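Q: Assemble the whole structure, with the sequences as input and the hints as a guide.
Protein chains in written order, with this note's numbering: chain A, 1 to 330; chain B, 331 to 660; chain C, 661 to 1009; chain D, 1010 to 1358.
Just so you know, these hints were derived from the structure itself, not from any lab. For clarity, every value in this text was computed on a predicted model and none was experimentally measured. Each residue gets a CB set at the ideal place from its N, CA and C atoms; glycine is no exception. Some hints could be false.
As the list claims (entries may be wrong) - So the derived label-pair ranges between C-beta atoms look like this: (1) D:1065 - A:246: 24 to 34 Å; (2) B:370 - C:692: 33 to 43 Å; (3) C:923 - A:201: 18 to 28 Å; (4) C:695 - B:621: 52 to 62 Å; (5) A:123 - C:695: 31 to 41 Å; (6) A:290 - C:986: 56 to 66 Å; (7) A:270 - C:856: 55 to 65 Å; (8) B:481 - A:201: 52 to 62 Å; (9) B:481 - C:859: 23 to 33 Å.
What the hints assert, rightly or not - Okay, the calculated bits of chain A under chain B, using three or more residues with CB under 8 Å as the criterion: (10) 170 to 178; (11) 195 to 208; (12) 285 to 297.
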Amino acid sequence: MTTTKPDRLDEAADQTAPALDNDQLETMMYRAALARGVEDLFARWAADNTFQGWWHPGRGQEGCAVGLMAALGPDDQIMWYHRGANWPIARGMALEPIIADLLGRTNGSTGGKGGGAPHWVDWDLGLIGSGGTLGTAHVLGGGLALAKQVLGRPGIAVAGFGDGTASRGTFHETLIQAAAWKLPLLYFCENNGWAVGTSFADSSPTATIAERAAAYGVPGERVDGQDPVAVHAAVMRARAHIDAGHGPALVEAVTYRVGGHYFGDVGNYRPDGEMDGYRDPLDVLAARLDPSVVERIRTDADAEVAAAAERALAGPIPDGDIIFDHLYAE
Amino acid sequence: MTTTKPDRLDEAADQTAPALDNDQLETMMYRAALARGVEDLFARWAADNTFQGWWHPGRGQEGCAVGLMAALGPDDQIMWYHRGANWPIARGMALEPIIADLLGRTNGSTGGKGGGAPHWVDWDLGLIGSGGTLGTAHVLGGGLALAKQVLGRPGIAVAGFGDGTASRGTFHETLIQAAAWKLPLLYFCENNGWAVGTSFADSSPTATIAERAAAYGVPGERVDGQDPVAVHAAVMRARAHIDAGHGPALVEAVTYRVGGHYFGDVGNYRPDGEMDGYRDPLDVLAARLDPSVVERIRTDADAEVAAAAERALAGPIPDGDIIFDHLYAE
Amino acid sequence: MTQQTTEARTPRTTKKLRYQQAIGLAIEEEMRRDERVFAMGQDLTSLGGQFGLSRGLIDSFTENRVRDTGVVETFMIGAACGAALGGAVPVVDITFSDFMFIAGDEIFNKLAKWRFMHGGTPNELPVTVIAGTGVLGGSGAEHNSSLEAHLLHNPGLKVAVPSTPADVKGLLKSAIRDPDPVIFMPNKGLFFTRGEVPLDDDFTIPLGVASTPRQGDAATIITYSGSVPLVLDAADQLAADGIDVEVIDLRTIVPLDWDAVLSSVERTGRAMVVHEAVTTGGVGAEIAARLQAELFGRLEAPVLRVCGKDTHIPQNAHLEKYCLPSVEEILAGARALVSTERPVPQPVG
Amino acid sequence: MTQQTTEARTPRTTKKLRYQQAIGLAIEEEMRRDERVFAMGQDLTSLGGQFGLSRGLIDSFTENRVRDTGVVETFMIGAACGAALGGAVPVVDITFSDFMFIAGDEIFNKLAKWRFMHGGTPNELPVTVIAGTGVLGGSGAEHNSSLEAHLLHNPGLKVAVPSTPADVKGLLKSAIRDPDPVIFMPNKGLFFTRGEVPLDDDFTIPLGVASTPRQGDAATIITYSGSVPLVLDAADQLAADGIDVEVIDLRTIVPLDWDAVLSSVERTGRAMVVHEAVTTGGVGAEIAARLQAELFGRLEAPVLRVCGKDTHIPQNAHLEKYCLPSVEEILAGARALVSTERPVPQPVG
Ligand SMILES: Cc1ncc(C[n+]2csc(CCOP(=O)(O)OP(=O)(O)O)c2C)c(N)n1
Ligand SMILES: Cc1ncc(C[n+]2csc(CCOP(=O)(O)OP(=O)(O)O)c2C)c(N)n1
Ligand SMILES: [Mg+2]
Ligand SMILES: [Mg+2]
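A: Written as structure tokens, this is what we have:
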């Protein structure tokens, strides 16, 4: 696996892409549609103050998560990060606990602790959680991979992060140690070109994140994050390396932050023409399926989102005394 | 500037080495001899408990510091690290305050605060100090370079560190920001093959530290640290890059830790034959000079060390109340 | 009865500003005054930082003096320390004070210990770290801790915790001019409060001098930062019942104005501490420990702490109020405090 | 009169061990008992860590379970947290407790807050961090801080501070078995002290139970870690003068055994706290604050703190003694404490 230049993304993916069958593509389409439906819902709710907190929209980045998750198995564990709800949804987590967490209800996956920018968790799916300080996923994801190696358990650990977070010291300390120990760790970077108001192009000393992997003797590949099939293929290549016992790998999915950093950020720092060439990942995926199937999938997904939203809203607001819960084991 | 393999070190150096005149070589020889004399002194004093504390011998690594300092100018500022006294001595700092610091006397450069593994400082020489936690030199050295850029002041900042310390997150955060801002910063790594009892060869995922610089779009060069002239040449190349406004550069000087990690560490974890091929940097330097000159230099250096040791020992032990000094500005 | 801060020289003029704006104003004035001052932080040029504290700064100065960093907190603080050693005067916006732990070595070891370790060379280390404290609705356990007690327990740093826009300006300007590292902690919950701010660009408030926004004899309430408005509100309600409490706003935690605290409590004989930080091991513990030692036998009641609960702030904004001291708790505490009778000395054993 | 710890079931046999060795023994026993337990740290296989705490461990286990890390402190703690989430039971040797600030985010935010933020999923987070406290002659300001008060002020962690080899073994085994993250702080100044250690491999000491190595009625001295031997020495000298003080060794700071502290001080009416950490904002502040609140009017004298000076530990080993509480200071404090007369209540104002 070598670093590919952005302009060669599609060819690189096509060369070695393992086939995705139609069922898999439909599942991917369905989850992408759910994720988009939740994005739409949260945008409405943010605008009318149905929830309080800081929502970081993931709109436009659904393709990364959907492609990634299609390449993961049941033993894999995931440390995701702050943007959107794409990761848990693409992994197949139920919507009610996702939505209820945002609303701060007890039927949320954190039992009422969550809200706004939630820390969704679904233990059985290997959705271990996320930290509020950037760089958490590197060290904790590295630890999940370490546990697998120590205990001889199958699967890999995924650490998800953005382009800005690649600068954190934890990126470095974890990758160097994971490479030395050959831990089963996938670094999955969604490079959406922005860290709040700081552009990757203006602030990065390298053209890509992927090329930085070489400093750790680790393979790094850049892929078009708008194409879930290409992402899937890149992750499959990375995990072949990891599964063979060669240690960590890095995939950089190039994507777009369609909205603001958080809901309410108008983004007037963004240059004109930035979105030129933008492809909606749902359209890219839809093009691989029969239009009538896509139509049905989107209708079904919208219905599931609406039903889950209703159930989520019906959940109770937690009592004040839960603030003392979960500080220590019960 | 490109990464050179260890076996090509000498040729690379010879290709572009700026000439060092005889005076410079004699100064280098003199300072190397002083550094070795201080090493010998401290080893005796450690053995007979003349001082308390943790001395990290720098024996065998004198060539790195002497070569580096020969390439620095009066405006340059230095954050050095824990090993030996080679750095301040090679920079030309007076011996009495160096030795008295080790002894914990008030005529030490830290006025009696220091001792054992001291934090020598000589403001006028740009010897700003050192931290006790590894990785300090990266961030603080980066800050010195930043001040130069902000204030438009001449010179470069040097951050010194060992091979083990290259793994710290501060290495990464500083180099990425320094590269983005094109700060006048030199990373100078003394790779002595060991971090306490952990060997670089066994624990590093890359063959060199130098090659890691590419992840930051920064030139990295590996050089034979036993040859002060080669080190000087490499640093001159690095600083040409920095002085031209292109931002940071990294030099990795390959050297040997002749002694234990600290005085008293017997190093029974070290493999046989490790020191095969070891060249004493003083011999390497001496070979470039007239033997009689070398003889005189070493005699003079020994005399200076002995005289400084005597003055240092005559210094008073500080009063207890200095523990409250220097917490805040006076 | 609210007292004017005494340090304000008769200001030429004042202007009603948001707390948040006073930060940008102070930085801008100090950057004009001293060429060595520069600002760095994440997104300063695009947003004025995550909290917009320095919005507009980039219009007045070059990118050389208003710097956008990456997500590199150890560099931000460590390089500020290094830049101060190099002769510059950095103002670093680390946004949430919780991130001080990311740069924990740089804050607690470098900034606090460097000069001590190096025998006072250099004498000055003028770094200002802006580290938002208090609670920003819905930003969760890793963004809302109040950490001033950690700084109090680690010598070598100064700590400012302003409660009004005028204090923000006066204290921040003092912090930037101060030769020591200052952790300046604006309270995120006060960002949108407004108040008159002196426009005099030499208006400063010395570090280490508390204010007394209300005088009274019934008891002393010692507080600071986001708790000050709550305490003043409670004090108004108590006054309506004829209970006149004295309110001391510490304004800085290091140095802590012990003279103001001790002389007030000596007079009132009753003391309560109110802060948002977790009760156990908080600043209130030190104040209680010191008061009971220095005024033993002169206190009419034990020193009471009405402080943050011993837990973290959940992400769910709805739960935040349960974690923090409320006006009701302050009122109840104050009523209990003023009605406590000193127990008759009892035989021990 | 020294009291046997009550928790030791009649041990099959004991052995005289160095404090330091008891650490390795506890880790080894727990690694045999539970396959999920593994150790990591710098130079574990070559040296048993910087302090030799786990010397010989690599002879009994594979490198899969005894791991040498690089100089990667954020990884060491963060990955321990992640590994515990992944089902392993890590024991991490971070050597000097000062380095906790390097991994400050991982200690104060991740280990302490993760389960809280995730609604108690998972319930358990069994991480043991070995973080040497106290003073190791000549290792300087960044290697000798006593940081337990920072941990007390940050809910979600447990903290052990043993003073004897037997307590080391009993508490460390409890820490490794505990479902919560425990910061286990051996005192570097005690490494070479010796004591009888039960060899029973089920010998544990519960976290949160103080010991009372000496009983007495004249006053209560509350202490822990490296200060315990000094206090016991002082207590012996006081006993020779007919003053019998009670000595409480807290053994853990979180949970803190308030029952033991309160019931003793209620009986003696006089209390002193002795610890190496900086006085201001230390554990002594919390104890004093709590005692004056709960035993108001029942204390014969103010709670006295004889603790570390408000400064850092210089590199110069000769100066260390000036920073730490000494037997002389403890003696002087105790004598003043037992002779204080409660002042006659005075009119206030
Ligand atoms: C350690 C830390 N620094 C700063 C922040 C504030 N912050 C939250 S998200 C964000 C931008 C991160 O950018 P990137 O990693 O590219 O992810 P994106 O938001 O683009 O998905 C920042 C700076 C934080 N939460 N943690
Ligand atoms: C952050 C930190 N971690 C660990 C240590 C303990 N320590 C002191 S020197 C050293 C080895 C450093 O190795 P290297 O960087 O190669 O320098 P060398 O000692 O070989 O000169 C270690 C681990 C420390 N002082 N600071
Ligand atoms: Mg981004
Ligand atoms: Mg080394």
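Q: How does the segment 170 to 178 of chain A fare against chain B when you require at least three residues with a CB closer than 8 Å, holds or violated?
A: holds (count 6)
Q: Could you check the hint for me, namely that residue 290 (chain A) and residue 986 (chain C) are 56 to 66 Å apart, CB to CB?
A: Holds, at about 59 Å.
Q: Holds or violated: 52 to 62 Å for the Cβ distance of residue 695 (chain C) and residue 621 (chain B)?
A: Once the Cβ atoms are compared, 54 Å apart, the range 52 to 62 Å for residue 621 (chain B) and residue 695 (chain C) holds.
Q: Quick check on a hinted range of 18 to 28 Å for residue 923 (chain C) and residue 201 (chain A), using CB atoms only.
A: The hinted range 18 to 28 Å is violated for residue 923 (chain C) and residue 201 (chain A), with Cβ atoms some 59 Å apart.
Q: When I compare C-beta atoms, does the segment 195 to 208 of chain A have three or more residues closer than 8 Å to chain B?
A: n = 4 at 8 Å, threshold three: holds.
Q: When you take the CB atoms of residue 481 (chain B) and residue 201 (chain A), is the distance between them in 52 to 62 Å?
A: violated (28 Å)
Q: Holds or violated: the 31 to 41 Å window for the beta-carbon distance between residue 123 (chain A) and residue 695 (chain C)?
A: violated (56 Å)
Q: Are residue 270 (chain A) and residue 856 (chain C) spaced within 55 to 65 Å by their CB atoms?
A: violated (37 Å)
Q: With a cut-off of 8 Å between beta carbons, are at least three residues of the segment 285 to 297 of chain A near chain B?
A: violated (count 0)
Q: Does the beta carbon distance between residue 370 (chain B) and residue 692 (chain C) stay inside 33 to 43 Å, or does it fall outside?
A: violated (56 Å)
Q: Is it true that residue 1065 (chain D) and residue 246 (chain A) lie within 24 to 34 Å of each other by Cβ?
A: holds (32 Å)
Q: Do the beta carbons of residue 481 (chain B) and residue 859 (chain C) sit within 23 to 33 Å of each other?
A: holds (29 Å)
Hints 2, 3, 5, 7, 8, 12, counting from the list given before, are not met by this structure.
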